[in-house]
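With these hints in hand, go ahead and build the complete structure from the sequences.
There are 4 protein chains.
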Amino acid sequence: MSTDPAAPTPPYEITSDVAELGFNQYGKSEIRLVHVERDGARHELTDVNVSSQLRGDFARVHTHGDNAACVATDSQKNTVFSLAREGVGAPEAFATRLADHFTGTYDWVTGGRWEVEQLAWNRIVTENGPHDHAFVRAGKEVRRTVVQRDGDDLFVVSGVTDLTVLKSSGSEFVGFVDDTYRTLADATDRIMATDITAWWSYDPARAREVDFDAVYDSVRQIILSRFAELHSLALQQTLWAMAVTVIETHADITEIRLSCPNNHHVVVDLSPFGQDNPNVVFFAADRPYGKIEASVTRKGVPSEPRAWSTVPAFA
Amino acid sequence: MSTDPAAPTPPYEITSDVAELGFNQYGKSEIRLVHVERDGARHELTDVNVSSQLRGDFARVHTHGDNAACVATDSQKNTVFSLAREGVGAPEAFATRLADHFTGTYDWVTGGRWEVEQLAWNRIVTENGPHDHAFVRAGKEVRRTVVQRDGDDLFVVSGVTDLTVLKSSGSEFVGFVDDTYRTLADATDRIMATDITAWWSYDPARAREVDFDAVYDSVRQIILSRFAELHSLALQQTLWAMAVTVIETHADITEIRLSCPNNHHVVVDLSPFGQDNPNVVFFAADRPYGKIEASVTRKGVPSEPRAWSTVPAFA
Amino acid sequence: MSTDPAAPTPPYEITSDVAELGFNQYGKSEIRLVHVERDGARHELTDVNVSSQLRGDFARVHTHGDNAACVATDSQKNTVFSLAREGVGAPEAFATRLADHFTGTYDWVTGGRWEVEQLAWNRIVTENGPHDHAFVRAGKEVRRTVVQRDGDDLFVVSGVTDLTVLKSSGSEFVGFVDDTYRTLADATDRIMATDITAWWSYDPARAREVDFDAVYDSVRQIILSRFAELHSLALQQTLWAMAVTVIETHADITEIRLSCPNNHHVVVDLSPFGQDNPNVVFFAADRPYGKIEASVTRKGVPSEPRAWSTVPAFA
Amino acid sequence: MSTDPAAPTPPYEITSDVAELGFNQYGKSEIRLVHVERDGARHELTDVNVSSQLRGDFARVHTHGDNAACVATDSQKNTVFSLAREGVGAPEAFATRLADHFTGTYDWVTGGRWEVEQLAWNRIVTENGPHDHAFVRAGKEVRRTVVQRDGDDLFVVSGVTDLTVLKSSGSEFVGFVDDTYRTLADATDRIMATDITAWWSYDPARAREVDFDAVYDSVRQIILSRFAELHSLALQQTLWAMAVTVIETHADITEIRLSCPNNHHVVVDLSPFGQDNPNVVFFAADRPYGKIEASVTRKGVPSEPRAWSTVPAFA
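Residue numbers (the numbering used here), protein chains in the order written: chain U, 1 to 315; chain H, 1 to 315; chain G, 1 to 315; chain W, 1 to 315.
Everything labelled a hint here was simulated from the structure, so no lab data went into it. These numbers were taken from a predicted model, which means no experiment stands behind them. Hints are supplied without guarantee of correctness; some may be wrong.
One-sided excerpt, in silico: chain U residues whose CB lies under 8 angstroms from chain H [stated by the list, open to error]:
#  : residue
1  : K28
2  : I31
3  : H43
4  : V61
5  : H62
6  : V71
7  : A72
8  : F173
9  : V174
10 : F176
11 : N262
12 : N263
13 : V266
14 : G290
15 : I292
16 : A294
Ideal Cβ positions, reconstructed from N, Cα and C, are used throughout, including at glycine.
This is the structure in structure tokens:
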């Protein structure tokens, strides 16, 4: 029993004439799960970070402290591990299995949000070739998905974060507003560097049929190629070019949101030391940084708020 | 000039029959600014982290790389420093000054988003009392605001993040769903610990008149007091209690959103070592953690999407 | 059994004609432990992060994979929790209990290293006064200790990290080397800000008798007071002043090491906007930062390498 | 002038009968520098984080606030950028150039410490092949060096941090001490995962002649190969195997220090859900973690304290 002698007998209601409960969700976040597929000597590794949140009729948990309808966050964690026993697969597919399980098992759970981050590993290559069961972490970027279910509707958004790129030429920034607050000179050849965050939504009608792994690889490659090959007049233009190619290439994608810091690289003034500096030595600044954010949609397809709510695309 | 011999003469258009530009914004993020008010010997210190993002007619920056309408992020940074010369004041008031400045100065800037984080400092106390100009950082929590302007409409949301609290008794969690996936036992007396994130929106009609410092202090105190004094049956109930009191106390607040991890503290099983453990020794776990999120609104006042978009309240 | 069909029967030796095993230690790091003293209604909270590492005759674990002498890191963790059942007390005292336990229990454990970080909490204050069992995290600084045992010798080093301070006046920096590489102007009045790391060693002959809590509070206050009250000509001078006072005040302290970044605050040039800036608006830079490090010892007492090895005082 | 009316005329001495200045160093840390080699269209990118610290006769800066001998940290930063104009090359070589410059330029600078971190980039590959001037960040590991000069003696230590690896089989841990505090079962087939930190010192007589890039690549590959291919009976044994091969392969390396967390992956008990779990589903824990640290030296070559002091190899 509680040490609090004044505690009332639970449950008990906290009422209000002026306040009412709005949107709410709860669950278990950042369940770090590693799955090893061991068919024979050659193992396949899947390393994910899973978050599960349920939505539905949970008002009495809040207002009364009555947990009769509460599927404990610990139970949600157990479920994630249990479902992973049969394999994980694409993050989007695993999140969808979780969505279907929870909404199908508890009739007062009418929806929810399942997020999966996937960390990439490469096989270690030795003189004997790629190893069967030894791996080294690949890259710093993270593949991500947010899957949301609202009644029978399923919304899948996929993304990549921390995809860090830099081009040492092929980028200009000239002709911007020249007023009292401008002190920056035109730059006809500058370093452009950013950590790309991209999220894209799928046509809900197709959200159970997409080959998510293939689309992920393609979108990532489009982003890298457009970044590399476009002679850029503004980071905004680069984002637009990336997004246009993604929308044109993938009919299943309805919208893409890009959020990119402008990681400034400043040409160091070496003239006090009697040296020139023709774009050779740069100072890589931390803060502040520019931030460019844009959504590009498929013509005729309005952005779907239920797909994008709680997706950390812009902030 | 660019080193890229194939670069076309700027600006040039990237067109698409199927893609179109949606929501977009850009600016300078995390401008770390310290303001010293030095009227006489006793200094006042304001330490803020300011982000500015503009919205309006910036389509040609994206589609053509035409920067004629682009107020450079560097110029936005300059403006932030320049406006701080006259003082910073409450974060909400400073963000509003920025909003008014940018929308008032550039007629194609129809709105934007200004975020301010404020770090707290206490005076160092020596044997001579509180010092005039020496300070020590106070706490780990951060006071925050997101101010958005859409045409003539102003939306102010205030918040606090990383307000870490723990109660070592006065918290239960019993009677939740008991099915296959439940392995957690009822707990009639447990540690409850969380890092509180709270954001609250103000009545737009009052957003230029509120005493933001006073409301911040009051909301923070309400949150702490309710956390401490409510005998809690669920973290959801604690959030509801905090929110109800905030809404009931502050007529200017229309909605509050709370997002709280459940920082699990597990009673360690000491029986293998011949010891009991009556809630004395706990293991503080990192991941996974529970996550409880809820919005509480004022009855009759619908949630305002333009106030809450891009506020990192839930995720 | 292992899936590796070629695995030899353990243990097996890996020999070398040219390599030999040097210093080694192993253990469990960052055991997050919360202790609640619940004598009556008023609880006392101790929140620590404990790391244990053993030294001794562990050569065969390395060379043969023979674990017969290996006290598993998991067992070390169990021991930490078990010993905490009787209370934690000062971090230095708890680390010493661990040191004595491990070296006293396993005769081939001839020494080791025990580190404890302590996080501070304040009672939440409500209208009913300080609460019996509800707490809010205090400050961002961390109290730390590294206790090492080498045979029968015990070495205690205590510290504080992330003690962030700033003074908005009372700091100069003038008259430094003026050569080709100097571009910085003299500053007769500047902001001085730093995140103090301080570590101090105790006289081994007194290491079981010190009132560590009292000394910690005193050293912390000396550091803050000297920072505040010394009109500083260089951050080096401020460090020297802090250290001298600590050594002069505490006879049990043999040496103190201070490592302090110089968190640069740059006066923003507002002249392009027609404004002056008499030390009012500053840009707080991230990187690079100055770094000032110094050891101050008690005259006649040489620095003890066994106390300071593996203490992260300078880096 | 300072606002402090009581400030004495600088410099002024702070004396002590009982305290004396010991080891000290100062400089500029984390100078983020990007160098672009642009011989023709194909650019070469070098991305480093440089820290410079000087040692020598700086006592009066501390005791008197007399900066006459002080080479400002800002001037050290300028020097780093200036020397980079002629190219960076291997981190060890650049740090050595800095060491020689500072000790050669200021006769009271008798030594110092120069640390360089290098971030890796790959060329972006498009349908047109590897790009001339567009890059994507490679991996999360960081190549590092600490070069110290003490009078005419030069000490070079190289390292790698955050090299994250995992093997899903080929690792056992059995037969460890079985006493009261043991609760862990033997594991004949477990996941072994770690973030490798390795530092190795070079023979000072050869420290200006080594092909540092080649040795780095070789040591990294040895570490990965030994991790992958050794059937491991203990993480200690794996470290020993890595180190032995490094010492045997590279005659210029005198000592290697390895510090490796044991990133525990726990087989999840799925039996409550009616499932088996033959090493398929794992929980990846954060804290606590094991930590295994060992130095392996070349026989007959004692460890050199001046090479290893201030190298963050063990902590």
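Are there hints from earlier that the structure breaks, and if so, what are their numbers? Of the numbered hints given earlier, those the structure breaks are 3, 12, 13, listed in rising order.
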